[in-house]
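A.B. asks: Working from the sequences, and respecting the hints, build out all of it.
If you read the sequences in order, they're chains G and S. The letter at position 64 of the first sequence is residue 64 when you use my numbering, and the numbering goes up by one with no holes. Convert by adding 159 to the 1-based position in the second sequence; the result is the number in my numbering.
Accuracy of the hints is not assured; some may be wrong.
Claimed, not checked - In silico lysine to any residue, SDA-like type, Cα no more than 25 Å apart, as pairs:
#, chain 1, residue 1, chain 2, residue 2
1, S, K372, S, Y176
2, G, K145, S, D333
3, G, K104, S, P334
4, S, K372, S, R429
5, G, K104, S, S331
6, S, K424, S, K352
7, G, K104, S, F335
8, G, K104, G, H81
9, S, K352, S, H230
10, S, K190, S, R252
11, G, K104, S, I341
12, S, K233, G, G19
13, S, K190, S, K352
14, S, K190, G, S6
15, S, K233, G, R135
No lab work stands behind these hints: they were computed from the structure. Note that this is a predicted model, so its numbers are computed, not measured.
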Amino acid sequence: MALTQSSVVSAHHNYFINGMLIPGFLIGNPDSTLGFYLLGDFLLPGESTPRISCRFFDENGDFLGELIWNRLRHNSTKCVHKATPYGFHISRPSGDLIIATSTKRFPNGYITSIGGRLYDEKGALKLDHEGSSARLGGNDAMILKAPYQGSLDREMKNE
Amino acid sequence: MNRGSCLVWVFGDYGDYFQNRVTLQLIAKGKSLAAELDTRLGVVVLGEDIGQYVMEYAAHGADVIYAADHHALKDYDVELFTAVVASWVGIYRPEIFLAGATVFGREFFPRLAKRLQTGLSADCVALEIDKESGAFVQTTPAFGGDLLADVITPQHRPQMATVHPGTFRELSHDPFAIAELIYPPVPELPPRKIEVIRRRQERAHKASLKDAKVVIVGGKGMGSKANFEKLFQLAEILDGEVGATRPAVDAGWIGEERLLGQTGKSVRPRLLITIGTSGALQYTSGIQGSETVIAVNRDPSAPIFSVADLGIVGDADRIVSLLIEELNRRL
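C.D. replies: Here it is as structure tokens:
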């Protein structure tokens, strides 16, 4: 018998992570200048597009790029961003998938699934997927109950 | 009890959702019961890809949602659901557990009550916490519907009840709501004895009684099928729908899909005109949410007048004909 898992759920939008619905999550620190992080931001009613941000590396720990609110930035390795009807894919120039999102719309809400493989700066696997649910490595994911208010927010507003 | 506990539960029956609103109605009622008991309201949801229902229940007032998102639970299966929910009741020990008196609720809840060795009040028309004793009072029709019985379960837990759809009003959808979500362990499941091969949606009936703002109900007092047909004219003029009592359905004047009451639908229209109906409890339990009730019956002592806001004593067919004539003249 599996253990009890607990989370919170939003009535408006949730991510399907580790087999659970969660309204937003953060792993790592977006304020650090070098390290891995992954942010699935909390959406308020009226918002329908999930905001994903992450700094991602390859399996050797070499920097590949950074995604801020679904947009590729600091993309020196020429990763490819492709929009899909339900979200987006980001892949390496070789075609290997880095991260993909897919948002399912219901009459009264949205659920976003995340797929792909993300590694941190040490080459450790931090995100993998199993079926439609992403698996986050480690136990340091923080559940967000409100929109993230860190430096990413400031950077996008200053554009 | 305390606010951290979650001792009032509702079974999340999402079959035929969004038409079937009974779970949302029970969440609203359960929430008020939970507040009286100084505890929280939990909803139990089993199935596969149940995310949208979990979110709906959060939006409609659930404080805690106990969920199992499991391929083996993709179809309603009374044995599997009983095994899972019984094990969760053993873990969390709710005081009160409610379900809609739907096709599945009527099959599932008696079996669950038996498994838990507790009582079950079926087709309740009212649920209250007795202010003096603190007992959970479940009001249900008894003795063929001639009496209303107040049932309490003093010794066994949980106190279980099924409630007819439409008995309570749901809370409005709150997209800002956030609920606690718990995935309790799923016990080892017994082998599935029934495999669902195919689902076929029955063609929707024209009648949309549950949403109608005006409902005209005919009973045996209409006298004949031809007389009963006039109710459709009256309903058309008032942009309403036609319902019926059991004797009218049994007489073959109208189909079962328009039956109101304990064994049929519950309605909550703004205006309900009930014609040639005696007012048996089995019927009136299905119309008690109506805002205004006008009753027509030739017998001034008919019980229907006790639930009516306005009563007309007279021949049902004669009154219907007059109403049609007058409304046609005015509208």
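A.B. asks: Run through the hints listed earlier and report the numbers of any the structure violates, in increasing order.
C.D. replies: 6, 13
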